[in-house]
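Fit chains P, G and Y with the ligands to the supplied structure of chain C, relying on the hints for placement.
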Amino acid sequence: MNRFSVSLPGLQLKNPIMPASGCFGFGREFAEFYDLSILGAIMIKATTVEPRYGNPTPRVAETPGGMLNAIGLQNPGLKKVMEEELPWLSQFDVPIIANIAGSTVEDYVSVAKEISEAPNVHALELNISCPNVKHGGIAFGTVPDVAKEVTKRVKNVSRVPVYVKLSPNVTDIRLMAKAVEDGGADGITMINTLTGLRLDMKTGKPILANITGGLSGPAIKPIAIRMVYEVSQTVNIPIIGMGGISSAEDALEFIYAGASAVAVGTANLIDPFICPKIITDLEQLLEKLNIDHISDVCGRSWKHGISGYHCP
Amino acid sequence: MNRFSVSLPGLQLKNPIMPASGCFGFGREFAEFYDLSILGAIMIKATTVEPRYGNPTPRVAETPGGMLNAIGLQNPGLKKVMEEELPWLSQFDVPIIANIAGSTVEDYVSVAKEISEAPNVHALELNISCPNVKHGGIAFGTVPDVAKEVTKRVKNVSRVPVYVKLSPNVTDIRLMAKAVEDGGADGITMINTLTGLRLDMKTGKPILANITGGLSGPAIKPIAIRMVYEVSQTVNIPIIGMGGISSAEDALEFIYAGASAVAVGTANLIDPFICPKIITDLEQLLEKLNIDHISDVCGRSWKHGISGYHCP
Amino acid sequence: MKKIGEMKIVSQKEIAKNIFQLILQGKLVSEIERPGQFVHMKVGEGIDPLLRRPISICEIDRENQIMTCIYRTEGKGTTWLSKKQQGEYINVLGPLGNGFPVQMKSGKVALLIGGGIGVPPLYELSKQLRNRDIQVIHVLGFQTKSAVFLTKEFQRLGVTYIVTDDGSYGEKGFVTDVLKKQNFDFDRLYACGPTPMLKALEQKFPEKEVYLSLEERMSCGIGACFACIRPTKDREDKKGYRKICSDGPVFQAGEVIL
Amino acid sequence: MKKIGEMKIVSQKEIAKNIFQLILQGKLVSEIERPGQFVHMKVGEGIDPLLRRPISICEIDRENQIMTCIYRTEGKGTTWLSKKQQGEYINVLGPLGNGFPVQMKSGKVALLIGGGIGVPPLYELSKQLRNRDIQVIHVLGFQTKSAVFLTKEFQRLGVTYIVTDDGSYGEKGFVTDVLKKQNFDFDRLYACGPTPMLKALEQKFPEKEVYLSLEERMSCGIGACFACIRPTKDREDKKGYRKICSDGPVFQAGEVIL
Ligand SMILES: Cc1cc2nc3c(=O)[nH]c(=O)nc-3n(C[C@H](O)[C@H](O)[C@H](O)COP(=O)(O)OP(=O)(O)OC[C@H]3O[C@@H](n4cnc5c(N)ncnc54)[C@H](O)[C@@H]3O)c2cc1C
Ligand SMILES: Cc1cc2nc3c(=O)[nH]c(=O)nc-3n(C[C@H](O)[C@H](O)[C@H](O)COP(=O)(O)OP(=O)(O)OC[C@H]3O[C@@H](n4cnc5c(N)ncnc54)[C@H](O)[C@@H]3O)c2cc1C
Ligand SMILES: Cc1cc2nc3c(=O)[nH]c(=O)nc-3n(C[C@H](O)[C@H](O)[C@H](O)COP(=O)(O)O)c2cc1C
Ligand SMILES: Cc1cc2nc3c(=O)[nH]c(=O)nc-3n(C[C@H](O)[C@H](O)[C@H](O)COP(=O)(O)O)c2cc1C
Ligand code: FES
Ligand code: FES
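Protein chains in written order, with UniProt numbering: chain C, 1 to 312; chain P, 1 to 312; chain G, 1 to 258; chain Y, 1 to 258.
Don't take every hint at face value.
Said to hold, decoys possible - Not the full set, but computed from the structure, chain G residues with beta-carbon under 10 Å of chain Y: (1) Glu45; (2) Gly46; (3) Ile47; (4) Asp48; (5) Lys76.
To be verified - No more than 30 Å apart at the CA atoms, straight line, and that leaves these computed lysine-lysine pairs for DSS-like: (6) Y:Lys84 x P:Lys277; (7) P:Lys205 x Y:Lys199; (8) G:Lys42 x Y:Lys76.
If you are wondering where the hints come from, they were derived from the structure by calculation, not from laboratory data.
For each residue, glycine too, the CB sits at the ideal point set by N, CA and C.
In isolation and in its complexed conformation, chain C is listed as follows (with noise of 0.2 Å):
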């Protein structure tokens, strides 16, 4: 497996394959499938201080090669996370990645605080991008000031290193990348949920009871490599990439667009076993690729000799 394992700050990955956050919940239900000690990495839920029930339903709705949700970060809290879902965790041999969100900076500041103690959580990802959220979440996602500010106020307390999550609902996503480097950031996972809205034909009305809900699967899949491409060019700090990933060949795409790891949401909730399948057959890939180590093509697709972040 040692082609296959990544360094990053905080993360030592077997392998660059993990569960994407909201997508793997605490792990639990996936455990009955198998052993989580093969994944690189879980993102776990999004955590914020106080427990949430989240949106009415419906939740999801299909779209052409894609789904929409609002599930709007409901989660049994700071403390219940802290008391009951790190510990089941820490079974298993595997780095876990704290997903955090909330209303004001001083949500995710206290969630950080705490969370970044765990002994079995060694980065935490900052969701300053939930579409599904009233207060806060998409605002801390647009405007590069207030991700700066949030991304230094929560790397003041946190005892492990710090991703910050990036929305694609931008204009220029590379001015949000640059903003949260120069926050502090670690790192960067992109790409969050694209906004969309599906109406059913009878009424006329939304599906969601939410009215909009964020666009993940195959769909995203060419906006997020672009993305990828463009940010890892900009900052240089590293990406874990995400959205719509289904395959091995995803995966190194994202890899080749400037990633050094990736992330796999949506397609857990298809088939529970895509995160070991694509472990198994990317390794194959690379064979057949002739491929050494999975970082040696981190960026291939824009680099010519070695320039911006040499990913690890």
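Showing chains P, G and Y with the ligands alone in chain C's frame:
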């Protein structure tokens, strides 16, 4: 066919279905398949002052549920369009919407002035949002003030109503819509393509010679619907909606979202008969859903009583 | 345990208008624990439709590893499914959810109420109850004659009342009209069907032991994505919600807000 | 005239490694005018793959409205196609493009050069030339033995030289090696295959009448989208470009820049 007629600034449409610009050339190829007079209107390929060769090939790449194109506004130039294409099109009983593009405001003004004189050009569509040209193009489409200025200048010289085509590659499309409305636009057409990228598995390099391309097709539909929903509640001018339409249901979904008519792009490239098919199917669909007139359900997704623009 | 695998189509036929009976064979059948569980079927070959479709298990033949599902063609997914033929394979995830409890003293009376496409899961339930010597009464409602199915099979297991909205088959009216008229004496009620029907039943029998099978739009079907949530009635409940896919789809009346 | 319609699969078989011969029946065959034209096939059921796939016509049986295509499985689309079976239907748009000119005096000599999956369209061409009493010489290049196909059929029509890159079948080398060695005397050259091969031929025979069939990524296939453009060699050319799909795919050497 009366439940179908839509009247918009400059346009008396037999039905709300028209081919989108760039996916129908100047109609010649499709005239071999059916009588173009059955169409609501025709949006012709972008015209620039001088002929343009466009980008090197490959110019198209497939994506999950979509495609990328980087044609680069290839067109025979204003003179030839005026002397050959438009006169040829005048044999059909169908209003032409002339899509115009340029690198500078002056370019737009020149083309607008002249092409709006053509007897069968009933409206202009300002393509301020083409992501595949190096100069101008995209900046016009992402900076509200620039969009407003070019709209104003073109309005000054055009003899026919002016529609402005919006780019989805922005943080808040409502700001762009408001800007072009303030600039005097008679209507809005939306959306143009989203910028995307695909990499080749073997080389790791972009498949398109132009690197990035514009994403179109079913994959983008939920984003387009969301944007039409937002913009139709923001401005008081009508919208011609597009983005991923390939069935009568898709067309109706745009009308529900707030479009007064719709355009079909990519689907023409897969099924040359798609426009006549949607026209026939839509009539049956309205029948089935007991909709007396297409305009009755314009904006149904957000209308309680009547508020904002009352679609014609 | 939940499994994922290819199941072979033993047969598929249209048993009423737009209602299909699909018989599948595969190892997954051995894992089924209770009636009322469901499976999550991959429809289409690629990314469109993207999501699986939840379909209830209607009948089980453990010995031959065979199960039956009955579904109505609604949209793209079920229409695709209806075109698959004998010998072809369907990718199935399941069994999912908890299903109906069948533990009950012999000799007791169970009232089973189904509406439309909610009828199928009651069939295996009824069979299992009968095997436990429980007396079953069925009340089944359909929209119209052409949508009626499985009535003979139910009649073989116990008394069966059929109503249709338009009276074109059986009595005219809703299942609740039958209940009013017959005033059954029963020990437990099971129901599956449209939400208004379930609500009416919940209100009508506040003192009874009532089990309701619910529906919600799903994505994962295994409890991971929080798509299919219902709030609990009890405001003091520790979690405050239930997942229809993994805590349900069957709940005792009063547990969640319908 | 171009048509669009469902064509029935008469047969499909793998004739070499990853090379499939697909025989289709349908009205569209009556519209085919020249060898070297191609069809645009819908692959997959829904939106993925989204675009049609261009495949050349390899042989025509006008009387029975039958045509043969030979293709190599490359990616998703052709792999999907290879799984379709006899009796199933494929949605086909065509015939597209202009194909090879076959007008030529009887007794003249035509040299046909094919590389890999560029070989199929030369087959119908060769047949039609033979029908006009033109002498045909074939030079066909393949990568390796397992990829060789249609050789017997070509041999029946005229002298046929086979080369493989690795020498595992026929001579070792490229088609250009055969040309060097044999120094054929011919009146016209037709070629279809990888661009480097076409370029080499164009350079080698600047004085000859040479027709080359080109490939490019396409979307519409009918000349509407401007995806498949090549610039003309002649800088003074009025348009300055040609569309491979509708002006081509066959061009005389020197018309467009390869
Ligand atoms: C636990 C459970 C058991 C079910 N059992 C059966 C059964 O035995 N027989 C049967 O005919 N139907 C059953 N359904 C309903 C069935 O899942 C839907 O009819 C089906 O998903 C529609 O898919 P479609 O592609 O044909 O429709 P589309 O409208 O194209 O589906 C679009 C999306 O909406 C979802 N959706 C649409 N209708 C429903 C619905 N009623 N419930 C949940 N999701 C829906 C689909 O799953 C899909 O994600 C069950 C639903 C649930 C939740
Ligand atoms: C005029 C013409 C005639 C052709 N005739 C034949 C033939 O007779 N037999 C045969 O085996 N192949 C032929 N090809 C090539 C064939 O079209 C491609 O192999 C096929 O499109 C690959 O599709 P895929 O889904 O398997 O591969 P993918 O790589 O999944 O395709 C992805 C996209 O790239 C395009 N693409 C990939 N390779 C090519 C290519 N070489 N040329 C054009 N587009 C490509 C596809 O059409 C699709 O849009 C021809 C191409 C052209 C342009
Ligand atoms: C059901 C669902 C829930 C999600 N919840 C979260 C979340 O809690 N926090 C977060 O940062 N992203 C969340 N996401 C976004 C994903 O992590 C991911 O960024 C996005 O879906 C794109 O990847 P994909 O196309 O592979 O799904 C969620 C996505 C889905 C589909
Ligand atoms: C091949 C191609 C060429 C296009 N050329 C133009 C153009 O010249 N001018 C323009 O305004 N839009 C152009 N577009 C954008 C379409 O008009 C349309 O806005 C977009 O494709 C979304 O619609 P669709 O998903 O139905 O294709 C082009 C799109 C495609 C696919
Ligand atoms: S469908 Fe994912 S939690 Fe129920
Ligand atoms: S493929 Fe559209 S013009 Fe050739």
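Evaluation of the provided hints:
Here the hint on Glu45 of chain G is kept, as its CB sits about 6 Å from the closest CB of chain Y, short of 10 Å. Against a cut-off of 10 Å between C-beta atoms, the interface hint on Gly46 of chain G holds, since the closest Cβ of chain Y lies about 4 Å away. Residue-level restraint check for Ile47 of chain G holds (minimum Cβ-Cβ distance to chain Y is 5 Å; threshold 10 Å). For Asp48 of chain G, the interface hint holds, since its Cβ comes within 10 Å of a Cβ in chain Y; the closest pair sits about 4 Å apart.
For Lys76 of chain G, the suggested interface contact is upheld, since its CB lies about 8 Å from the closest CB of chain Y, less than 10 Å. Pair hint Lys84 of chain Y plus Lys277 of chain P holds up; C-alpha atoms about 26 Å apart against a cutoff of 30 Å. As the CA atoms of Lys205 of chain P and Lys199 of chain Y are separated by approximately 24 Å, the hinted pair is consistent with the 30 Å bound. Note on Lys42 of chain G and Lys76 of chain Y: the hinted pairing holds, with a Cα-Cα distance of about 19 Å set against a maximum of 30 Å.
The structure agrees with every numbered hint stated previously.
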